[in-house]
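*Asks:* Respectively, the protein sequence lines represent chains A and B. Going by this note's numbering, the first sequence runs without a break in its numbering and finishes at 231. Going by this note's numbering, the second sequence runs without a break in its numbering and finishes at 465.
If you're looking for bench data, these hints aren't it; they were derived computationally from the structure.
Residues of chain B placed beyond 12 Å of chain A at every Cβ, according to the derived structure: (1) Pro263; (2) Tyr284; (3) Ile355.
Label pairs and their calculated CB-CB ranges: (4) A:Pro229 with B:Tyr356: 45 to 53 Å; (5) B:Val440 with A:Leu119: 31 to 39 Å; (6) A:Tyr129 with B:Val447: 36 to 44 Å; (7) A:Tyr13 with B:Ile22: 41 to 49 Å; (8) B:Asn17 with A:Ala2: 44 to 52 Å; (9) A:Thr176 with B:Tyr356: 32 to 40 Å.
C-beta atoms are modelled at their ideal positions from N, C-alpha and C, and glycine is treated no differently.
Chain by chain, the residues run as shown.
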Amino acid sequence: MALVKVSNLCKTYYKGDNKIYALRNINFDVEEGEFVSIVGKSGSGKSTLLNLLGGMDTTAEGSVSVGGVNILTMSEKQLSQYRKFTVGMIFQSFNLIPSRTAIDNVKLPLIFSNYPRRLRETRACELLYNMGLYNRALHYPSELSGGEAQRVAIARALANKPKIILADEPTGNLDTATSAEIIALLQMFNQKHHITIVMVTHDKETAGRVSHKTVLLSDGEIIKISTNPNP
Amino acid sequence: MKASDIAILAFYNLRRNTMRTILTSLGVAVGIGSLAAMISFAQGITENISLSMENNDIFTGLTATSRAIDPDDPGSSRGTNILSQNKEEVPLNDSVISGIGEWNEVAIAFPIVSKPATIQLAGRSVKASLKAVPMEMGGYPPFINITRGRFFKSADEPRVIVSRQMLQQMKILIEGESDNVGLGGDVLVLPLDSVIGKELTVVTRVFDVSKFSTANPRKNELPLSNEYTSLRIAGIIDNGAFSSGVFNSSDVFIPSKAIDYVPCIDLRSIYDIMDGKIDSKNKYGSVHVRVKEHRNLKTVKFWLEEMGLQVFSVGDKLDDIENLFLMLDSIFAAVGVIALVVSVLGIVNTLIMAIYERRKEIGIMKSLGGTQFQIKLIFYVEAAFIGFVGGVCGVAGAKLASQAASSFANTQIGKIIGCNLEFFDFSWTLALAAILFSVVVSVLASVYPANRAASIDPLDALRRE
Ligand SMILES: Nc1ncnc2c1ncn2[C@@H]1O[C@H](COP(=O)(O)OP(=O)(O)O)[C@@H](O)[C@H]1O
Ligand SMILES: [Mg+2]
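Make the full structure from the sequences, and use the hints.
*Replies:* In C-alpha cells:
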C-alpha cells in the first residue's frame, strides 16, 4: 500500500463572494522511499497541496491518508504528533528562528519531541555535521548564506527522523549552483536513507531528472503524472 | 517535554526584550509591593500596635475614684450636692474591690494606696510617692520581665522597686547604660550589682504629739515630724514615658502589705481634716482596674460608673487611633489593588505584544510539531518568571519602604508614646505568600495571551513576511 494516498482532494478558498478552486479532485499516491516532485505555474495550487500533506491545513474535501490514516480528520493533538514525527517541512524562505543559533534551531524539534536532553546536543551536532555545517553551529541565521540556512532547515526537518520530507520550493531563493547542492542533498537522503521526499518546484527539468514521479499541476488540477524509473 | 526545556525557551524570549521584561516586572513589583505593604501594615497594626497598646495598662487600665474624695465633683457626697447624684455610691473597701476583681472582664483590681515621701539614696534625695503594688501586678507591665533585679517575693517583703527614670532624676546612672546626656555634672555612676540590694531611706511625715503644743497654727506650722524607714531595692523598672495613671516613673513601689510598715499621715481628702476624722466608709480613695482585653473597657467603665464611681481612662482614645489606622489601611488597600490591576494589564499587554512579534516563530514551532500546550507553557513560564521577579522585587521594596516608613513614624509617634512600635509585620510567610500570589496572578494574566498564541494558524503565520 502506498505511504501517502491522496483521494478526491478539493480545496476551495473563499474571498468574499469569490470562490477560488485551489485544488480540484486531486488523486495520486506516494510510495515509501519515492522522490515525488510537484510542478506547475505560480498559483497552480502546489503549496496548498503540500500544506495539506504536511498537516498544516486540514480544511479540504476528500482525503489525505498517510500510513492508512486520514490526516484531514485528525485532532489538533494528533496533528502535532504527525508534524513532529512523520513529516519534516522545508520552506522557500527557510523559516529559521532568527534569534536562535543554527544548533538551537535544530534542537527545537528535539525539545518538542522530548528527545533526551543529554543526547540532544549530540544529535543536533551530528545533523549539522551531515549537512557540512559543523563549524556554523553557533551562527545566527543572519550570519549564514542562503544555502547554509537551507541546510540548517533540512537538518532541523530531519531531527526527529521523519518518514517524509516535504519541501516547498527549497531552492526558490537560491542561485543555480547552490540549488543544485540542495537538490543533491535531498537526493542523497532519499537514496541513502530511503526518506520519502515530496518537493514542490517550478523547475520542470530538474524535477524530471531527480524524481521518480513528477506531478504537473495547473489551475488546481493534475494534468499529468510522469515517471522516471531511474533518477 | 520537560518544563525546564520550556523554561529555556521562555528565558530566550525574555532576554530578547530585556527592557520590556524589566519594565513589566517593575509594574508587577509595584503592584505586589503595595499590596504586601498594605497587608503587613494591617497585620502590624492589629498584631503589634493594638496588642502592645492593649497590653499596656494605659489602654486597659481604669481608675475609679470615689466621689467622696473630690469636693469639686457636683455629685460628690461631700460636695455642694446641687446636682444630687441619683446613683447610690458604693463604698471602696476591700470586699467591694475584690468583688470588682471577680468580674469576668476584669484581670485585676486593687486599691490605689500611696504615701508621699522623700527618697534618700547615696546622699541624694528626691520627692516621690511610695506606692503599694499588689503581688498580682508581677504578671503585668511594667513589672513583668524585670531585667534589673526582680519583682517582690511576697506582699510583706520590705523591699522596693524603683524606676530608672527616678534614679536618673537623682543623677544616679547604672554602669554601662550610658544615657547621661543633659544630666549635667554631679552624676553618680553605679554598677547594677551595687544598686540592687542597696538600702534607701524613705522619709515620711507623721503626726507628732509632742509638737501639738508647740506648733503654731497661725504660722501654718503643722505638728508633724519625720519618720525614717530603710528599705532595700529589689529591682529597677524601665517604664519609659508610659504611665498608667497608677504607676508612674516618679513612684517608688512597695508590696501592698509592706506599705503598712511605713508610717505616714493618712489623709485622703482635705475634707477629712474638715470633718475632723478619716472617712471610714471609704477605706480607699480610688481603685485601679485592669480589664482583660481592651474591648472590655467600655463595659467595665459603664459598670463602675453605675456603682457611683468617677472613672478615668485613656483607653477610650484607642478606638480613635485604630480607626485612623483602619483608614490608612484602606488607602493602602486601594492603592495596592489598583497597582495590581495595572500590573496585570501590563503583563497581558506585554504578552499580547509578544504574540504579534513572535507570530511567525509560533508558526514555525507549530510546523515543527509544537503542541498547543507547549506553546502555552512557554507563555506561562514567561509570565511566571515576570511574576516571580516582580514579586521578589516588590516584596523587597515593600520591606525596605515599610522599614523606612516605620522608623519615620516612630520618630513622630514613638516620641509621644515613649517606645518604638512595629507598624509593619513583615513575616516570611507574608513575603513567600506575596511572591507566590504574584506568580499565580501573572500566570492567570497570561492565560488569555497564551490561548491566543496557541491557537495561531501556522499556515497563516508562516505566510506573512
Ligand atoms: N490563504 C489564501 N486565501 C485565498 N486564496 C489563497 C490562499 N492561499 C492560496 N490561495 C490561492 O490559491 C491558489 C493556489 O495557491 P498556491 O497553492 O499558493 O499556489 P502555488 O504554490 O502553486 O504558487 C492561488 O490562486 C492563490 O491565490
Ligand atoms: Mg507556492
